[in-house]
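S.K.: Protein chains in written order, with this note's numbering: chain A, 1 to 113; chain B, 1001 to 1113.
Source of the hints: derived by calculation from the structure; they are not laboratory data.
Remember, predicted model here, so these are calculated numbers, not experimental data.
Cβ atoms here follow ideal geometry from the backbone N, Cα and C, with glycine treated the same way.
Any given hint could turn out to be false.
Examples of chain A residues lying across from chain B (beta carbon under 8 angstroms, computed) [stated by the list, open to error]:
no.	residue
1	ALA14
2	TYR32
3	PHE34
4	LEU44
5	PHE46
6	LYS49
7	PHE63
8	GLY96
In silico SDA-like pairs for lysine to any residue, Cα to Cα no more than 25 angstroms straight-line [said to hold, decoys possible]:
no.	chain 1	residue 1	chain 2	residue 2
9	B	LYS1009	B	ASN1073
10	B	LYS1014	B	TYR1064
11	A	LYS100	B	THR1055
12	A	LYS100	A	SER60
13	B	LYS1071	B	MET1019
14	A	LYS100	A	PRO18
15	B	LYS1057	B	PRO1106
16	A	LYS100	B	ALA1056
17	B	LYS1009	A	GLN45
18	A	LYS77	B	PRO1039
19	B	LYS1057	A	ARG108
20	A	LYS58	A	ASP95
21	A	LYS100	B	LYS1014
22	A	LYS22	B	GLY1042
23	A	LYS49	A	ALA87
24	A	LYS77	B	VAL1060
25	B	LYS1009	A	LEU88
26	B	LYS1071	B	PRO1039
27	B	LYS1009	A	ARG108
28	A	LYS22	A	ASN55
29	A	LYS58	B	LYS1009
30	A	LYS100	B	THR1097
31	A	LYS69	A	GLY53
32	B	LYS1014	B	THR1086
33	A	LYS49	B	ASN1028
34	A	LYS22	A	SER73
35	A	LYS69	A	SER86
36	B	LYS1070	A	SER98
Over the 12 angstroms line for every Cβ pair with chain B, so calculated as not near, a few chain A residues [claimed, not checked]:
no.	residue
37	LEU19
38	THR24
39	SER28
40	ARG42
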Amino acid sequence: AQSVAQPEDQVNVAEGNPLTVKCTYSVSGNPYLFWYVQYPNRGLQFLLKYITGDNLVKGSYGFEAEFNKSQTSFHLKKPSALVSDSALYFCAVRDGSSYKLIFGSGTRLLVRP
Amino acid sequence: NAGVTQTPKFRVLKTGQSMTLLCAQDMNHEYMYWYRQDPGMGLRLIHYSVGEGTTAKGEVPDGYNVSRLKKQNFLLGLESAAPSQTSVYFCASSTGTGSSEQYFGPGTRLTVT
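Next comes chain B alone, as it looks inside the complex (with noise of 0.2 angstroms):
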């Protein structure tokens, strides 16, 4: 049982590239996350799904695009990197809302030049 996993670990993009994120879990999980981390701001949530087959925007979607094809995969897309978008990145997933805790993966450090 692998829990959350999330590939890649590290990435350097320069401005302009695009990249996609993956993240995939194995709990069985409906609902699941992406947010990013940046110093002092905590977690800010980017997108998340309630299901295979939706997505929805969170509070920081903008230059971000999401997919969920399949119920344990999640994918976050950047289309065209900005400096901006400098941070770790964070998936998670969860049973459902209210009171079910939410399990993340390790993250992946990105880094637009």
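Only chain A is shown next, with the shape it has when bound in the complex (with noise of 0.2 angstroms):
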């Protein structure tokens, strides 16, 4: 069965630093791992994804994210976090061809300025 876990309900940093949201997940197969930004009362948006090869993809808004295959892990990172990545932020999987993209529970980011 596909799951994804984001371990952290909440992610505090300062504006300037820089930002980890993690994410792991468990499928059977090759995974597809996407990650989503919601900003408030708006709908989901899609930030990066990683299909296959080079390990470290690059998405919108200086947004990155780092697939570790041994770990299971897909971390979000940005060199440096602005007021304005505050958000919630969702990290999902789907296995081969199925249509079923699940979704983590969310982490908030805080970004204090």
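Mind docking these for me? Both chains are given alone in their own frames, and the hints should help you get the complex.
M.R.: Right, here's the structure in full:
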């Protein structure tokens, strides 16, 4: 069965500091991994995805994510956080050709000035 | 190009009332999805459709029905609303499964009293 875990309900970071939002996953086949961001009262916006190849994936708004197969992780990172990055972040996984996209419970990122 | 739109944005129902949520997409996507979002639980798939005239059950289908009479529209119906259906509902669409990301609408906040 597919599953996704986001172990932190909230991450706090100061503006200008690097940020990491953690995600681990479990799938039976090759994973497709995604990060989405949700701003207050808005729908989810796609940030980036891992399909295959380079383990470091770059996405929108300066975010990147590192795929680690041995640790079954796909952590979201950004070298220098902005206050405007404060939002709810969701990791999601899909197994191969499955229709089903499984979402984690979400991590709230709070960037303080 | 409006992407994915949802109507209404907000609705309050009394227990036992019925309503229909409308989702429309203008990206010619084959796949469409209905999710509900509850605090601390991420997004859970209610129903989905792999093409015009087809629908299928997701993780939490009970109490909901769907129809996809036109490719661009996906309707979610609540025949007899219950307080447990108080949630934020998101529609999404995608070109397919596998590595394709989903595009989300802005959501409908439903309260059942």
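S.K.: Check the structure against each numbered hint from earlier and tell me which ones fail, lowest number first.
M.R.: When the structure is compared with the hints, numbers 1, 7, 14, 19, 21, 24, 26, 29, 35 and 40 turn out to be violated.
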